[in-house]
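Both chains are given apart, each in its own frame, so use the hints to dock them into the complex.
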Amino acid sequence: MEHTIEAFKREESLGARHSGAAAASDGKIHIERTQYPYVTGSSVLGIKYKDGILLAADMAASYGSTKRYKSFQRLKPVGKHAVIGASGEMSDFQQISTMLDELTLRDQMWDDSNTLGPHEIHSYLNRIMYQRRNKFDPLWNNIILGGVKNGKKYLGVVSMIGVHFEDDHVATGFGQHLARPELRKQWRADMTLEEGVRLLEKCLLVLYYRDRSSINKYQIAKVTEEGVTISSPFAIETNWELEAFQNPTKNAEGSW
Amino acid sequence: MAHGFKEHATWSPYENNGGTCVAIAGSDYCIVAADTRLSLGYSILTRGHSKLFKLSDTAVMASSGFQADVRTLQKNLEARQKGYYHQHGKPMSCPAMAQLLSNTLYYKRFFPYYSFNVLGGLDTEGKGCVYTYDAVGSYERTGYSTQGSGAELIMPILDNQLKSASPLLYPPRETATPLTEQEALEIVKDTFASATERQIYTGDGLEIVVINKDGIHKEYLDLKKD
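Line order of the protein sequences matches chains A and B. Be aware that the first sequence starts at 5, since it is given in the numbering used here, and climbs by one per residue. Be aware that the second sequence starts at 146, since it is given in the numbering used here, and climbs by one per residue.
Quick caveat, the hints were computed from the structure, so don't treat them as lab data.
Computed, partial: chain B to chain A, Cβ under 7 Å: (1) P158; (2) S188; (3) H194; (4) A213.
Beta carbons: idealized from backbone N, C-alpha and C, even for Gly.
Here chain B stands alone, though its shape is the one from the complex (with noise of 0.2 Å):
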């Protein structure tokens, strides 16, 4: 015998728990939105777990992938937060939030949090802003993003609905939508249903939130159970 190990199958610390989360930046509101659905395998798991987690009251994140890293994240991110609220008195800007996260998820560069996220919410000057990242923290500020298992569906309408400018362009131009807010939500409920269509782990319900200067509005809808 070589080494004197039996062979077999090992356990995996990850697993992925499915859902996709969406985000748009209009000029002065964001919408951030998620499905309900938590799947394991071929199973669900359950129909009502939310994905989105109110980080402050102009930052909002939606994460989808290893539900047991996403929550661990979420505690995370909400101590850091409460602690500089209660240092420098005042919440963090979303932009701050966006650095943090980023520095969050590469702080465990080599033992990932499996978490698939979008941040949305208003910056320093009241417009919105989207921020998208990978699961070691890559990050940037763009107009709208989509990530998790339906992504792939959603992001082209995204590209294709939202008139936004396109990001190829040079000089850059910003990429926030010029839709108003009700426009902007129903491309939202749109991609929503046609992901759930199409992809078993996006579905049950959609949970869509909205920040603009009036403070954050929550929403529910129903999505095919199938």
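Here chain A stands alone, though its shape is the one from the complex (with noise of 0.2 Å):
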């Protein structure tokens, strides 16, 4: 989106946000729809562990190459069976926040003691993130749903246009390529809450060190069947003195 006074008032005047079209000076329609995003989330970490599901993402929500806000909640429970943690445009995050809000309050007042399950919850997120896709107005998120129904542990993933999939083990953003393959020669099945955390903090640990716009202030999401759990903020103890951290650029090509 141009950000000069007259391509504003342009699209007001055209009330091009609703209909996500504007026609431009020269007669044409341009699709303005397409967005980037403002303030993004990095990665979240999801895996299942003996007695249900944990969910890690770091509080920071960025501003471009800002790190605008430090206490950034990016961990959100859903109903009583679930929790949701996203990536990507915050307000886009804040928006399906409210509209799964709405689904579980629904299907609370029906009062019928039944509840949406995580599965469920998953398959409403999916064809939300597809129906907006369809629309070429994308919720721009990548989103993990981890919940606890009945015994069964759930763990599943959606992107903004739509894919979505279940694994033991997932992760969004840097994590998918620095934390899964730890994760994936680490997991078991039968993992304590202990070991599982000690999992996720190891990962977050490496996402801190390469990725830019992570911080070390942490929330872990508990789900067992009893419910859903967010542990206050904490922080990862680092270690700078790292040989692979002493003389970075000695054998970088060019540098000095």
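So, in structure tokens, the structure goes:
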């Protein structure tokens, strides 16, 4: 979108925000709907463990290269049985959060002693993401949804164009590249809570070292049959004396 | 400024999540198989994702391409199948489903389902049938087919090994394979192992479904994970 007064007025007067198309000064229709994200969250990690699901994310929301918000909660409970974590555009995540709250509230108001399980909520979320993609107006998020219901553990992901799948361990953004290999190596189905948290912390540390939009302030969400808990923020001990960080440009060509 | 709109790369509503599908028809059976890898660029999203979808006791579809479109297509056809069953008191035959799939794909001719499908099953006489499609619904009944990332690697092997009549013959002969179920299964397993070696989007696991008069029998084997 052009950040000039003229363009803003043009869009406003032609109701461009509603239709997603604007007639420019040359009379042709230009689709302006497609966005790019402004305030973004980085990776989210998720694993199944013995008693349920663990999700982890840092609390940063960046505005381009500025770390604008450092206490942004990117993990949210959904109903009684599930938790959702999102990377990407945070305002879209907030809107999704509202939609899911409406869904679970309506479900609760039926008062029929049946609640939507994580699979059903994920299905609903998949359809929302796909339908927005069909309108060329995506919700710019990569979302992890985890939950436990009737003893069955569920961990799923959905991308901004509607690609979705389940797995025993999942990650968005940089986590897909940096954390997933470690999770593939270390994950076991019978991990205890301590082992699960330790594994996530190991991955979060790698992300802190190597992802420039991450901060050393995290939350971990736990879902078990009993319900959802989201931890208070915590930090992980870092070690910048590691050999890999000494003389980083020693063998790099062309650097000084 | 000519039109005053900033130029920048736009997002795409499509992506290719990879995968390979195969279907082979015999005289009284049909084999439908697909790998279980879901990819994005050079990343593997998951190793355990099924590309097979049972539409009825006589029709199984395998699809690769853009996973969100594949899933939507599966849901669409499943809903239509259920509606047909309730209206007509019997499930859709495989040839009927074949036509429905073609129509469904063409319906979105100007915003296609990025989905490459093979449909396998038994026709109304109990003989194996395979239908192969492109993304916008162009289809034909054939004796065997593959679609997806590894299709170019696998198709020549099937042409060579299945001992089917040549599709170039005139008058046309049926191209279903004269091989037995077991022989065809071995070829399926070998072709996927070969495609896995040379193709990054194929691997992790192989799901095979065999449809015959006794019903649907499922099998799973590991493929190389590199």
